[in-house]
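Residue numbers (this note's numbering), protein chains in the order written: chain A, 9 to 122; chain B, 217 to 329.
Among the clues, some could well be false.
Derived pair list, reagent style DSS-like, types lysine-lysine, alpha-carbon separation capped at 30 Å [said to hold, decoys possible]: (1) Lys-276(B) - Lys-11(A); (2) Lys-268(B) - Lys-11(A); (3) Lys-272(B) - Lys-11(A).
Restraint-style ranges between C-beta atoms, simulated for each label pair [to be verified]: (4) Arg-22(A) - Gly-257(B): 21 to 29 Å; (5) Leu-49(A) - Thr-286(B): 40 to 48 Å; (6) Gly-225(B) - Pro-69(A): 24 to 32 Å; (7) Asp-59(A) - Gly-245(B): 36 to 44 Å; (8) Leu-122(A) - Gly-257(B): 16 to 24 Å; (9) Ser-299(B) - Arg-52(A): 23 to 31 Å; (10) Asp-34(A) - Val-298(B): 28 to 36 Å; (11) Asn-238(B) - Asp-34(A): 32 to 40 Å; (12) Asp-67(A) - Gly-225(B): 21 to 29 Å; (13) Glu-70(A) - Ser-230(B): 42 to 50 Å.
From chain B, some residues computed to sit far from chain A (all C-beta separations above 10 Å) [as the list claims (entries may be wrong)]: (14) Thr-228; (15) Ala-233; (16) Glu-258; (17) Gln-261; (18) Lys-272; (19) Ser-274; (20) Phe-278; (21) Lys-284; (22) Glu-292; (23) Lys-293; (24) Ser-301.
Bear in mind the hints are in silico, worked out from the structure with no lab data behind them. Values in this document were obtained by computation on a predicted structure and should not be read as measured data. Just so you know, even glycine gets a beta-carbon here, dropped at the ideal spot from N, CA and C.
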Amino acid sequence: DVKVTQSSRYLVKRTGEKVFLECVQDMDHENMFWYRQDPGLGLRLIYFSYDVKMKEKGDIPEGYSVSREKKERFSLILESASTNQTSMYLCASTLGWAGANVLTFGAGSRLTVL
Amino acid sequence: GDSVTQMEGPVTLSEEACLTINCTYTATGYPSLFWYVQYPGEGLQLLLKATKADDKGSNKGFEATYRKETTSFHLEKGSVQVSDSAVYFCALSEPGGSYIPTFGRGTSLIVHP
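Please model the entire structure based on the sequences and the hints provided.
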């Protein structure tokens with residue numbers, strides 16, 4: 009079974025801290041995504057990557073950065089966490105670019121910023 | 217740009233009731249359409265998909281038909297179970313563009329025994 013693993017399910021951080029959210033996929037997928045999920049707002053795309061060291065901004069990149077040094081790993085970084093970044097973060101991957109490609113999601117990382 | 221509109225929830229049903237969750241979309245081309253489901257405490261997973269007009273996707277008793285004339289992809293199930301309680305997301309992915317999926321806001325379904 010294909011898998012996307014998010015290393016931290018629950019995190020509590022303080023305002024101003026640097027936060028790393030890690031995501032690893034074992035499917036040799038080319039594309040990886042970071043979404044943020046908030047009640048009433050659905051999923052919003054933060055960043056995506058279509059290759060190692062490549063990244064593209066999504067709809068809400070402000071306050072976030074990403075890193076993809078290896079094909080299987082895509083990290084989301086909050087340089088200075090703020091309370092409005094309290095949210096559920098979902099990582100996902102797909103094999104390539106085709107309209108019918110299905111996203112495989114991780115279980116999510118719930119971040120609370122105090 | 218592309219957009220997906222779902223009915224707002226929560227939808228609350230008794231076990232064995234019929235379910236319909238409405239989804240309509242706006243796209244410039246010929247998108248593929250998806251329903252994803254998110255069970256409590258989990259990430260999203262694909263429930264079903266359809267890639268062209270009049271296709272019917274089905275899985276676990278759920279069905280949705282790709283209706284190009286009404287730009288809709290409504291999710292239906294004839295008899296829901298308590299275990300179907302989850303959040304359901306309609307999504308589209310359009311070829312010729314970036315293929316980045318566009319999601320609806322999600323519809324929460326609560327099924328009571």
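Non-interface label on Glu-258(B), tested against every C-beta of chain A at 10 Å: It is violated; Glu-258(B) is separated from chain A by about 6 Å at its closest Cβ, not greater than 10 Å.
Against the range 42 to 50 Å, how does the distance between the Cβ atoms of Glu-70(A) and Ser-230(B) compare: consistent or not? holds (44 Å)
Closest CB-CB distance from Lys-272(B) to chain A, is it above 10 Å? Lys-272(B) is indeed farther than 10 Å from all Cβ atoms of chain A, at 15 Å.
So Ala-233(B) supposedly isn't at the interface. Is its beta-carbon more than 10 Å from every beta-carbon in chain A? Consistent with the label, Ala-233(B) stays out of reach of chain A, its closest Cβ about 25 Å off (over 10 Å).
Look at the Cβ atoms of Arg-22(A) and Gly-257(B) and judge whether their distance stays inside 21 to 29 Å. holds (25 Å)
May I ask you to test the hint 36 to 44 Å on the CB atoms belonging to Asp-59(A) and Gly-245(B)? violated (24 Å)
Run the distance test for Lys-272(B) versus Lys-11(A): straight-line Cα separation, threshold 30 Å. holds (27 Å)
State, for the Cβ atoms of Ser-299(B) and Arg-52(A), whether the hinted interval 23 to 31 Å holds or is violated. About 28 Å separates the Cβ atoms of Ser-299(B) and Arg-52(A), which means 23 to 31 Å holds.
Should the hint that Leu-49(A) and Thr-286(B) are 40 to 48 Å apart at their CB atoms be regarded as holding? Distance hint for Leu-49(A), Thr-286(B) is violated at roughly 26 Å.
Straight-line Cα separation of Lys-276(B) and Lys-11(A) no greater than 30 Å? Measuring from Cα to Cα gives roughly 21 Å; hence the hint holds.
Grab the minimum beta-carbon distance between Lys-293(B) and chain A and tell me whether it stays above 10 Å. holds (20 Å)
Against chain A, does Glu-292(B) hold up as non-interface, every C-beta pair farther apart than 10 Å? At roughly 21 Å from the nearest Cβ of chain A, Glu-292(B) sits farther out than 10 Å, so the non-interface label holds.
The structure shown violates the earlier hints numbered 5, 7, 16, 17.
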